[in-house]
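Following the hints, complete the assembly by docking chain B onto the known chain A.
Chains A and B supply the protein sequences, listed in that same order.
According to my numbering, the first sequence is numbered sequentially starting from 322.
According to my numbering, the second sequence is numbered sequentially starting from 986.
Honestly, the hints are just simulated from the structure, not real lab data.
Warning: the hint list may mix true and false statements.
To be verified - Here are the computed lysine to aspartate or glutamate pairs in the EDC-like style, where the Cα-Cα straight-line distance is at most 20 Å:
#, chain 1, residue 1, chain 2, residue 2
1, B, K1177, A, D453
2, B, K1196, A, E451
3, B, K1247, A, E451
4, A, K326, A, D479
5, B, K1177, A, E451
6, B, K1079, B, D1067
7, B, K1196, A, D453
8, B, K1092, B, E1081
9, B, K1119, B, E1160
10, B, K1143, B, E1042
11, B, K1157, A, E451
12, B, K1247, A, D453
Stated by the list, open to error - Here are a few chain A residues that face chain B, going by a calculated C-beta distance under 7 Å:
#, residue
13, S400
14, T408
15, Y412
16, N415
17, E451
Every residue, glycine too, gets a C-beta built ideally from N, C-alpha and C.
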Amino acid sequence: MNNNKKYFLYKHTPVILLFTSILNEIDFNLEFRYFSFNFAYILIFYYSLKREGSIGYVLIFIAGLFNDVINGLPMGISSLSYLLLCTAAAYLRNITLRPNLIKDWIYFLITILILNFITYTYLILFINYEIDYFVQTANIIGTFLLYIVFSFIFKFYDNFILGRSN
Amino acid sequence: MEPGRDDFVIAVRSAFLKKGNKQKFSLLSLILFSIIFLILNNFNFKIINFNRAVIKEIIYYSSFIINVPEQAVERSFIKVSDHFDHYDSYLIIKNELQKLKGKDLEKKIIEYENVELKKLIDDYFIEDGQAFAKVLIDKDSPFLRSIVINKGSKNEVKVGMTVYDDIYLVGKIVEVNFLTSRVLLISDINSKVPITIQPLNIQGIMSGLDKQSGQIQYIDQKDLSNFNKENLIVVTSGVGGIFKSGIPIGEINLVDNLLNEKLVVNFYQNFSQLKYVKILSHVKENLNIDLSNKKIFEANNDQIFQINNQAQDIKVLKQQKIINDEVQFKLQSENIRLKNNLVNVQKELNKSSKKNKENKERNKDLEFLELNLLYGHKCKKSFFRSQLYKIGTNKYRACVLNKGPIKKIR
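The following block holds chain A by itself, in its conformation from the complex (with noise of 0.2 Å):
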């Protein structure tokens, strides 16, 4: 593989295994009861806080409608959750001088918390949604507990690409 081709990959990866992650029927709430996680809460968390700009703001915008035509949810809830998480991965990057993953991974909970609680609202509030809550708190706890794997594993990633490229 050349460089360029590595680059390539490098860059664009994120979008793609976003766009991949939503429009595909990989889904993940696997095979268990209660067990789901939120993989692109996972994703763009990651890379907006660690690489700044390798998924653009109007993609994630655009991979929120996605989302929520194919989950059959309100249009832009999905998308409003996402560039939310983008703005608190922006204000956690604005504020750290030493990164330290335990604390984004901390930071990372309260966000998904919060973004969770907006989402709930809207559905209950404005949508007559019913939701299970046991299946949410499950949800939001496997993406939580994810999130730190997934670092692990995107990093492993770009450094090997990277690694490879120089």
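Chain B only, in chain A's frame:
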């Protein structure tokens, strides 16, 4: 404190407004755009709906195209695993087939009976429209369990139509676009299906619980505790007209549910393996009556009306007759009683008249005896008065009663 607050403001401003080198829009503008989208969702403008439908069509089909490799992999995996399980499955299926053949005949007979009975109670639905559709997307979201199919308003799919997999209930159409539609699966928490638990005939509402099961609401487990068998069958009840009655959904395993507080229904079908579905709408059977039939129908109705009236009259007359009979019976019994009374009175009267007669005679005798004492000597025949009467003769008696012999007029 002042520099800290400044840092915070700078960081927030930077996060919201900094576009970066390659960003065309700031986060704030995109967030506002999302909020506008959300607000527009609540309005039912034609242009917005059209744009929304177009966006959805594009996304559904792009998702379907992107899914192709994954589906190919999945299908290959299923094929391979099927090959491994082939012989065991074959034996099981062979046994089941033999059992099912027997049951099939029974089922057909019951079906015919069922149709006849439903026609009688005016609950027989016939299929109004039928379409088969391919499942484009069956992504499972924690918010909404639904699938997207490749039939839309172009194929006359309408919101509320029932979706089947074979004969089993899958869900109903909740959103229709031009070429695609969204089906809300019965496994979703928002789907409320009116159900009947057979053979106990208990009515309830079922909502989704997880991928393979639903939860029955408004039914207490105690209601089912008296049932002896292990499994109960759950079918649609047809209440509310959302689904037609009798569509199979799943089974309740009472043994499994003993320890649970929830009453869980295990679906017959695996909704994550749906590839093609059947969309149906149902209408009540319409009986076409032509004009001549209508006249006959009306004439019959008139006759029935008249007969009913006559029947009413007869009923009234019958009641009147019953009353008359009762009155007559009362009169007869009164009559008999009075007759008896009369006879008794007559007897009494006879008795008293006899007594009277006797008394009169006795009185006469007494009078005779009294007069005999006083005037007997005047009538008594003696040696010197031989013209008088002998004692005990009628003439003597007459003489006594006359207070002496009867003087002859010369």
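How the hints compare with the structure:
With a CA separation close to 14 Å, the supplied pair K1177(B) and D453(A) stays within the 20 Å bound. A hinted pair counts as satisfied when its Cα atoms are at most 20 Å apart, and K1196(B) with E451(A) qualifies at roughly 16 Å. The hinted pair formed by K1247(B) and E451(A) meets the criterion: a straight-line CA distance of about 17 Å does not exceed 20 Å. Between K326(A) and D479(A), the direct Cα distance comes to roughly 14 Å. Compliance with the 20 Å bound is thereby established for this hinted pair.
At most 20 Å may separate the alpha-carbon atoms for a hinted pair to count; K1177(B) and E451(A) meet this at roughly 11 Å. The hinted pair formed by K1079(B) and D1067(B) meets the criterion: a straight-line CA distance of about 16 Å does not exceed 20 Å. With a C-alpha separation of about 13 Å, the suggested pair K1196(B) and D453(A) falls inside the 20 Å cut-off, and the hint holds. Of the pairs offered as hints, the one joining K1092(B) and E1081(B) holds, with about 15 Å between alpha carbons and a cut-off of 20 Å not exceeded.
Simply put, K1119(B) and E1160(B) have alpha-carbon atoms about 16 Å apart, close enough for the 20 Å limit, and the pair holds. Straight-line distance between C-alpha atoms of K1143(B) and E1042(B) comes to about 16 Å, which keeps the hinted pair within the 20 Å bound. The straight-line distance between the Cα atoms of K1157(B) and E451(A) is roughly 17 Å, inside the 20 Å bound, and the hint therefore holds. With a CA separation close to 14 Å, the supplied pair K1247(B) and D453(A) stays within the 20 Å bound.
Annotation: interface hint on S400(A) holds; nearest CB of chain B at approximately 4 Å, less than 7 Å. Checking T408(A) against chain B: minimum C-beta separation of about 5 Å stays under 7 Å; hint holds. Checking Y412(A) against chain B: minimum C-beta separation of about 4 Å stays under 7 Å; hint holds. The interface hint given for N415(A) is met, as the beta carbon of that residue sits about 4 Å from the closest beta carbon of chain B, less than 7 Å.
Annotation: E451(A) was flagged as interfacial toward chain B, and the flag holds, the nearest CB pair being 5 Å apart, inside 7 Å.
Of the numbered hints stated above, none is contradicted by the structure.
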